Amino acid sequence: LRQQRAPPDNEADMATMRLLATTAATMLLLSEPSTGALVVRRAGVPDPQCHTGVISLKEEGKPQVCCAGYCGECTDYATCRSVRGQNSTLACCAKEVYNIRCGAGAPANLCLKK
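The sequence shown stops at residue 567 when you use my numbering, and every number in between is there.
Hints in this document: simulated from the structure, not taken from any laboratory.
Treat the hints with caution; some may be incorrect.
[As the list claims (entries may be wrong)] Derived pair list, reagent style DSS-like, types lysine-lysine, alpha-carbon separation capped at 25 Å:
#	residue 1	residue 2
1	Lys-548	Lys-511
2	Lys-511	Lys-566
3	Lys-515	Lys-548
4	Lys-515	Lys-566
5	Lys-566	Lys-548
[What the hints assert, rightly or not] Label-pair distances were calculated between CB atoms; the ranges are:
#	residue 1	residue 2	range
6	Gly-538	Ala-561	44 to 52 Å
7	Met-470	Gln-539	17 to 25 Å
8	Asn-562	Leu-472	48 to 56 Å
9	Asp-529	Lys-566	16 to 24 Å
10	Gly-538	Leu-473	19 to 27 Å
11	Lys-548	Ala-468	54 to 62 Å
12	Thr-469	Ala-557	55 to 63 Å
All of these numbers come straight from a predicted model, not from anything done at the bench.
Where is the CB? At the ideal position from N, CA and C, for every residue including glycine.
My request is simple: use the sequences and hints to build the entire structure.
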C-alpha cells in the first residue's frame, strides 16, 4: 500500500512542487509538436510559413520549397522518392515539389499553392 503524502506545509516544499510541475509541463511541450503546427495540420488549411513541414535550404538562384514534415529534409536526396515505404516523390523531393506548384502546369487537383 502506498502512503498518502501530507500536503506541503512550508514554502520550500511549495517551491519544489512548483518547480517539478513546471519541469513536467516543459518536457510535455517539448515532446509534442508545436500547438500551432498541430492546429494547422488538423484543420487541413494551407501552411504558407511551412510550420508543419521542412523547408529547403536557401541556395543562390534556387527557390525555397516546403516539403512534408515526415521527409526529414527537403532536398533531392537519394531516397526522397520512397520515405517510410511510400511513394513520396511529390512530398519529399524538392525539385518535384517545386514543379507541382500552381501556375507551373500541374493539374488543379494536385498543384501546391504558394
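Requested in this report: Please write out, lowest number first, the hints stated earlier that are contradicted by the structure.
Outcome: Violated hints (numbers, rising): 6, 7, 10; every other hint is consistent with the structure.
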